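Chains as they are written, first to last, in the working numbering: chain A, 4 to 249; chain B, 4 to 249; chain C, 4 to 249; chain D, 4 to 249.
To be clear, the hints were calculated from the coordinates, so they are not data collected in a lab. One should not assume that every hint holds.
Where chains are identical, the list cannot tell them apart; a pair therefore holds if satisfied intra-copy or between any two copies.
The calculated lysine-lysine pairs, modelled on DSS-like cross-linking and capped at a C-alpha distance of 27 Å, are [what the hints assert, rightly or not]:
no., residue 1, residue 2
1, K62, K83
2, K62, K189
3, K248, K62
4, K189, K162
5, K162, K62
6, K248, K189
7, K248, K162
8, K83, K162
The structure presented is a predicted model; accordingly, all values stated were derived computationally and were not measured.
4 protein chains.
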Amino acid sequence: MPCGTGQRLPRFSPDEPKPFPNCGERERIRRTRAAEFGFNDVDPLNLLAIEVEAGPDAKIVPLSSGLPDGLFEHDGQITKREIRAATLSALAPCAGERLWDIGCASGSISIEWLLRHHANQATAIEARPDRAARAARNAAELGVPRLQVITGEAPGALKGLVRPDAIFIGGGGSAELIEESWTSLKTGGRLVANAVTLDSEKLLMEAQGERGGTLTRLAIERLGEVGGRRAFRPAMTVTQWSAVKP
Amino acid sequence: MPCGTGQRLPRFSPDEPKPFPNCGERERIRRTRAAEFGFNDVDPLNLLAIEVEAGPDAKIVPLSSGLPDGLFEHDGQITKREIRAATLSALAPCAGERLWDIGCASGSISIEWLLRHHANQATAIEARPDRAARAARNAAELGVPRLQVITGEAPGALKGLVRPDAIFIGGGGSAELIEESWTSLKTGGRLVANAVTLDSEKLLMEAQGERGGTLTRLAIERLGEVGGRRAFRPAMTVTQWSAVKP
Amino acid sequence: MPCGTGQRLPRFSPDEPKPFPNCGERERIRRTRAAEFGFNDVDPLNLLAIEVEAGPDAKIVPLSSGLPDGLFEHDGQITKREIRAATLSALAPCAGERLWDIGCASGSISIEWLLRHHANQATAIEARPDRAARAARNAAELGVPRLQVITGEAPGALKGLVRPDAIFIGGGGSAELIEESWTSLKTGGRLVANAVTLDSEKLLMEAQGERGGTLTRLAIERLGEVGGRRAFRPAMTVTQWSAVKP
Amino acid sequence: MPCGTGQRLPRFSPDEPKPFPNCGERERIRRTRAAEFGFNDVDPLNLLAIEVEAGPDAKIVPLSSGLPDGLFEHDGQITKREIRAATLSALAPCAGERLWDIGCASGSISIEWLLRHHANQATAIEARPDRAARAARNAAELGVPRLQVITGEAPGALKGLVRPDAIFIGGGGSAELIEESWTSLKTGGRLVANAVTLDSEKLLMEAQGERGGTLTRLAIERLGEVGGRRAFRPAMTVTQWSAVKP
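Just chain A, same shape as in the assembly (with noise of 0.2 Å):
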């Protein structure tokens, strides 16, 4: 699904020999739709080079952070895309890295962790088995059926998994919740907290005394109506606490 080089091949009959004048004398250009691969007639010992082109009504996906909260099924409990884009940046993944999704509502930031790099790996704890259902269906829609979704409520569901270099704490948490989240991860790992409660934001007040790391506020405002004239819509502003752990 990430979107393709937009070169557009030309269009050959299927499995023209010597397309190009530059062609191996046994190579071949075959043009598929996806849903009807088959290569049974084809040497054995090969080398294939896949060119994807997207059909007309195909959803793309971008390279970068902050994906269209349209490409997400949800019920309105997603982190927006500006804060969803500000929230991978400060989560920072690495090849290879593992996050925990605390609270993960759609899955979204772990999704977007899982598409920074093939061999990122990404567990999703939710407490409402109709979320982390969802969760598993977005993960699978937008190409990283990988991701591990737990239906249970942390800290307690956190238990024997295996240590993050990065947690996103998505809404809500507890001292408790936090303390856990900090002793798990590993040295240098990033620990990220969104709020929108009062409560919420005290305990992240409290957290970056503690702990250090960095605090922001992110207020948005979209193009909206009033009276059938264009007006900016404020969103509830966000707290982030962004800590590294030494």
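Once you have looked at the hints, place chains B, C and D on chain A.
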């Protein structure tokens, strides 16, 4: 410079044969510093797998958009981390696409565009020669020396450039520049423009009215100090216009 | 209705003579309810001192600008408390001055203008008859029935009105309305306009560019709830232009 | 200093008898400068009507809350105009009421409280002697020399003061100070506290949780410049707690 998998190789003596039981007869593992790389003594027909391991002072460049401001050399004139993350989200790079970064300053937007895929291309246009030179230095330092930097004033300097898939206008801009940019953009391409001054804001409101797309306001507060105590310091609000050319 | 001194009178029986040692021989104190006021039995040549004492359910109207929203009957269309306080601050009423409140909605700005001094005058212009009637009701209820309410569309409805010392344009407005208002304003008078839509904002940016004065953006978040927990709910940002006619 | 009616008197020679047709026989009009006021030559039994006319350089003090910052002498430490307007709105002064202004800095809140009614009283507490002196100078200059200024640290300095109808805590504060203030406040009195630091914000969130009332965040951007062009400059966001003692 993109970060490694974190899986440390055991420290073999150089070129120890058959380090693992399932190695081929002629397989070797060699460890060396990048600066001392030399392969005069290997079979001309060979297959190499390279695993890069970061040194202790390596600058690690994460895989998400919105790199730390400190990774870029700049004179204060830089699109800040969270705004950069939201900007890359709106620019939505796909593999092999080309960006124009008009008024590139430190080059951070172009550089992040290029880092998203090895096949991406970018042209950065900057009127001030010192800033143009700095953008080129940043690109080299961050592993994307293929950034094309043009010292000159847009829209004049845009003449003759290959048509882009996306255009970013960092600050200021004019009705004429937006007009020229929109015309140059490929169908399906994205135009993203950020404004902090009133005249630029007005321009973007007008552009959205004429050409559609959306407007967003991003207000960021960062942790700072007042009288020795922690306090949020607000940055100037950024208004962003983002539109897809139909 | 303006609140009393809080110093409670001792409860005398009506017309007790010489209630205090230093009273004059013919001095009386009488306590009665405002609705039962009657003075047929006093000397035609008299001096009255009236002390108003609030009943238990009295709506107390404080002396500062920015009265509670709940003191006004409204349909949601009301300049909110903090914005109203900042607007009155910019309108800067002096004793005996006259305001035009164009697009008055609930009439709250006019009413607060009148409450600042008994010699102040105000004309409220409102296109919707139901709102005009409501503004008049609010004025009567809050003790300033002298508010002149005109049902009509500005600038047409402004013809023939006495020139004002201050003008407030609540929402919307047009280049023509600003032009007419500026012309009608006395030298040294203040024009204050608030905007929430993009087109109005653009208009105010242009007005400030042409005629000077200042622009302010006011973003207010109020305590609300998210999922049963305390959270700040943002109101739409208001852009305010305020200028003194030279 | 409160501004006049603007109705200019015709310039009579001093003490011209019967200036108007309907004057009494012994009525006089006299024009003089305030500094040269002298009435040794009038009947000991007299009735005076004084009309103040502002000189050309008079500082006019409007009747609404939120006076221009420039009317106060200050060292940068002043509650800004719009925030002051919203603060007075929350303090909601009634005639004859008393305010404690804790950490008064320039004294602006106390002074505006006193200006709302001649019977109002205010005590300003300030730890720094230079600021206390400045608050007293501002009070004298703006026509309310009855402001009581106490140099000292709250809550210690509050001992023995007459209980107030309203308390303002301008910055900082502590759990202890809020506790003492709440206890000192009369039933039905208002406590308003503004915070810009994180620790103060946390304190106010806790205070609201315990004692009710409301919290508001006020973010103000003012017109400034960037590179010679008009741009909004954000001030630090103020969090305000406002509660009525039940």
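Tested hints:
1. Within a single copy, K62 and K83 get their C-alpha atoms as close as 19 Å, which meets the 27 Å cut-off; across copies the closest is 30 Å, which misses it.
2. Taking CA atoms no more than 27 Å apart as the test, K62 paired with K189 passes between copies only; the shortest distance there is 19 Å, against 36 Å inside one copy.
3. Taking the shortest alpha-carbon separations for K248 and K62, only the inter-copy value of 17 Å comes in at or below 27 Å, while the best intra-copy value is 37 Å.
4. Proximity of K189 and K162 under a CA criterion of 27 Å is satisfied intra-copy only: 15 Å inside one chain copy versus 51 Å between copies.
5. In the homo-oligomer, the alpha carbons of K162 and K62 never lie at most 27 Å apart, since the shortest distance is 37 Å inside one protomer and 33 Å across protomers.
6. When the C-alpha separation of K248 and K189 is checked against a cutoff of 27 Å, the pair qualifies only within one copy, where the shortest distance is 7 Å, while the shortest distance between copies is 45 Å.
7. For the identical chains of this complex, K248 and K162 are intra-copy neighbours only, at 20 Å inside a copy versus 47 Å across copies, given an alpha-carbon limit of 27 Å.
8. Taking CA atoms no more than 27 Å apart as the test, K83 paired with K162 passes in neither setting, with 29 Å inside one copy and 38 Å between copies.
Of the numbered hints stated above, those contradicted by the structure are hints 5 and 8, listed in ascending order.
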